[in-house]
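S.K.: Given next are the chains, with one letter for each unit.
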Amino acid sequence: MPEPITGRRARRARRPRAAWLGWLFAAPAVVMYAAFVLRPLTLTVQYSFYDWNGIGASKWVGLDNYRRLFTDSELFATIVHAFELIVFFSFVPVLLGLFVAATIRGIATSRLATVARTVLFLPQVIPLVAAGIMWSWLLSSTGLANELLSAVGLGRLTRAWLGEFGTALPAVGIIGAWVLVGLCTLLLLAGMSKIDPALYEAARLDGAGPVREFFSITLPSLRQEIGVSVTVTVIAALASFDIVYIATQGGPGNSTMVPGLEIYYLAFSEREIGMASALAVALVILVLACVLPVQRLTRDGSR
Amino acid sequence: MAHGLINRPLITAVTLAALLTTAACSAPGSDSDTGGANASAAPVTSATCGTGPVTLKGYFETGFPLPKSLSDEFTKQYPNVKFDIREDQFAVITQNAPRVLADDPPDLMRLPQVSELVKDNLLKNLDGYATAFGWDKWPASQLEQMRVSSAGERGSGPLYAMGLNFSMTGVFYNKKLAAQIGMTQPPATLADFDTLLQKAKAAGLVPINQFNGGATGGLAFPLQNLMASYGDPAAINQWIYQKSGATIDTPANLQATQHLEKWLKAGYFSSDINSQDYATMMSRFIGGKNLFIFDGDWESGNLDKQMAGNAGFFLMPPAQAGGKQAAMSAPLTYGISSKAKNADCAAFFLNWVATNQQARDIAVKVGGSHPMGPSDAYMPAVQEGTVTASTLTAGATIGKDNGAMDFIANATGAIYAKSWTPQLQKLAAGQQTPDALLKSVQKDYETQVKN
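Listed in order, the protein sequences are those of chains C and L. Residue 140 in full-length UniProt numbering sits at position 140 of the first sequence, with consecutive numbering throughout. Residue 153 in full-length UniProt numbering sits at position 153 of the second sequence, with consecutive numbering throughout.
If you're looking for bench data, these hints aren't it; they were derived computationally from the structure. Just so we're clear, the structure is a prediction, and the values are computed from it rather than from any experiment. It cannot be assumed that every hint is accurate.
Stated by the list, open to error - Selected chain C positions facing chain L (in silico; Cβ < 10 Å):
1) Ala57
2) Trp161
3) Gly163
4) Gly227
5) Thr248
6) Gly274
7) Ala289
Heads up, the beta-carbon is just placed ideally off N, CA and C, and yes, glycines get one too.
Please take these sequences and the hints and turn them into a complete structure.
M.R.: In structure tokens, the structure reads:
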């Protein structure tokens, strides 16, 4: 299990003068971390080599569970779905967040900016379960989305958005985008407030318009914040569980099944703890494989 | 400083190695546990609750008032017995069952499909109580679904659970809407039923609402009913009981699945079934939005209250006129943990539920279903014309035709969530053929039974 070592080494490199006495101060946190993060992680890795139902005797099966990950099309499909969700959970909120944050910064002094910030951040405050329930009402066959469509004469487009194979995954994606847009906006706004106003003034003196300002000053200065936003949202997409669980439970016909949900079903309904653990380990590696390059890419320039 | 820099990776490595070895030195799980639990089948002659204070630990299903009403009445009759009840939704109970039975053993627990729990020695063998209380003299079909043989097949062998009552399923209909399309009596054959569905469709009604969204595959109800119309219910039970060599992929079942596909293609189900949950189905039916639903008599009491006089019930008609009828009918299973502290008292309670007059009244009035027990036992009077009356009568027909089936969703612990639900949702969306559906379910079934 190389992944936690990498993570810890990176963090520790920032603190060159820690004496071993420091460990004493860190001890409570280290103990908690070991008990609630490292130990479960280690056990998960261990279980992934067994065929075990969680109660009875277990059988060592080596890499069989991992082999099944690549041969079982149903399991592999869940990983594909997770990548499709990245578009909605990551790209849409970051792009939209950039646009909204730039707009809000433009009207920073007005009261509207405060209202907009609050409204956009609200989805982050609402529990995801509540958001999921709310959206499943909005998107139901008699929900607001369909009523609006009918009202503007698009009645033939109405459908049970979460109940049809073609639309269920994008519909779940939109819920995620709605939740995450506020977080991205806030992160990016905070980043923008750190940019030296003199830069904008200089640009304006040189005759730059708002678009040029955005691409030449705002965007490059936000490199780190964008990195954080992308990292957080990509993790949210790959490890998604609650929104999907509430809105569709993976249905219809597995069309919205994601790894997080599959792990849960494998462990608790199929009682295949070994297979569930193997998928969980694979998911950890996948998340790291996606997130580490993003981190490296967005860090280099500013350091 | 150099000292620290060298040591840190070392410490990390040592810590991790230590963690790995402590965690990994033994294989997870154990097999030494409760090996003797299954063997205790000697008659228990003195299973009572005694006279001293007893607290029965119960783990019941939330949303159904029956177990609570029964336990209240029991405490009234036996004041020394108190109940400590924890409630969860059935889906949660299903997921928790093995761990709760192992770590926090209840005396009485609402059970999901039992075969896997029996394999893990988590349930008490009730044969001793069965002999002592005379349960073995009841109609055998009542207890059949709760017997598990040593080979892991259900339907025969020692008894591992008991029912509070047994449910009956079929077709509920809205009488007002039925009158609109000229339906004066329940259909006598499958062809008659088809005609009614077509008439309802032509009259602009929604013929059937059925829950089939999210993690629910409610189309399993009409599908199994159709299977029993075309084929032999005993063969379906063989499959559910995991008898060796049993298959769901038979010509009769293929005909049934094709028939269901025909209904779907003809638009007899509401177009949004793949996003419809159980509560939506019920509220639409009660609100008079559609003609039929496929459901069970656990709703009888509810429908008699909310649609008084306007709800009817019939059993799925046979393919040929005068043919035998069949229905999914299952006990409301409760079991005793193999580690339960008050097993005797819990067994006494289960026997009381089936034999005490007040308890049988409650089973019908609150539960809406037929009580367990001997066939000549006391039956509470039920008002003519109610849904409850028709579901109880239907129970008699099924008994006569020997047509009781367990649910195809109960064949294994995961078959419903992992196979029937997604496959039926695909069928509803036109993304799966009947033939491939049955083959796929059969393939999953074989893997799950092997495990």
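S.K.: Double-check Trp161 of chain C for me: the hint is only fine if its C-beta lies closer than 10 Å to a C-beta in chain L.
M.R.: holds (8 Å)
S.K.: Going by Cβ atoms only, is Gly274 of chain C closer than 10 Å to chain L?
M.R.: holds (9 Å)
S.K.: Classify the hint on Ala289 of chain C as holds or violated, based on whether any CB of chain L lies nearer than 10 Å to its CB.
M.R.: violated (21 Å)
S.K.: Is the hint on Gly227 of chain C kept, meaning its closest Cβ partner in chain L is under 10 Å away?
M.R.: violated (26 Å)
S.K.: Ala57 of chain C was flagged as interface toward chain L. Is the shortest Cβ-Cβ separation under 10 Å?
M.R.: Result: holds, 4 Å to nearest chain L Cβ.
S.K.: Let's test the interface hint: is any C-beta of chain L closer than 10 Å to that of Thr248 of chain C?
M.R.: This hint holds: Thr248 of chain C lies near chain L, its Cβ roughly 6 Å from the closest one there, short of 10 Å.
S.K.: Checking hints one by one. Is Gly163 of chain C an interface residue toward chain L, by the C-beta closer than 10 Å rule?
M.R.: OK, holds: Gly163 of chain C within 10 Å of chain L, min 3 Å.
Figure legend: structure checked against the earlier numbered hints; hints not met, in rising order: 4 and 7.
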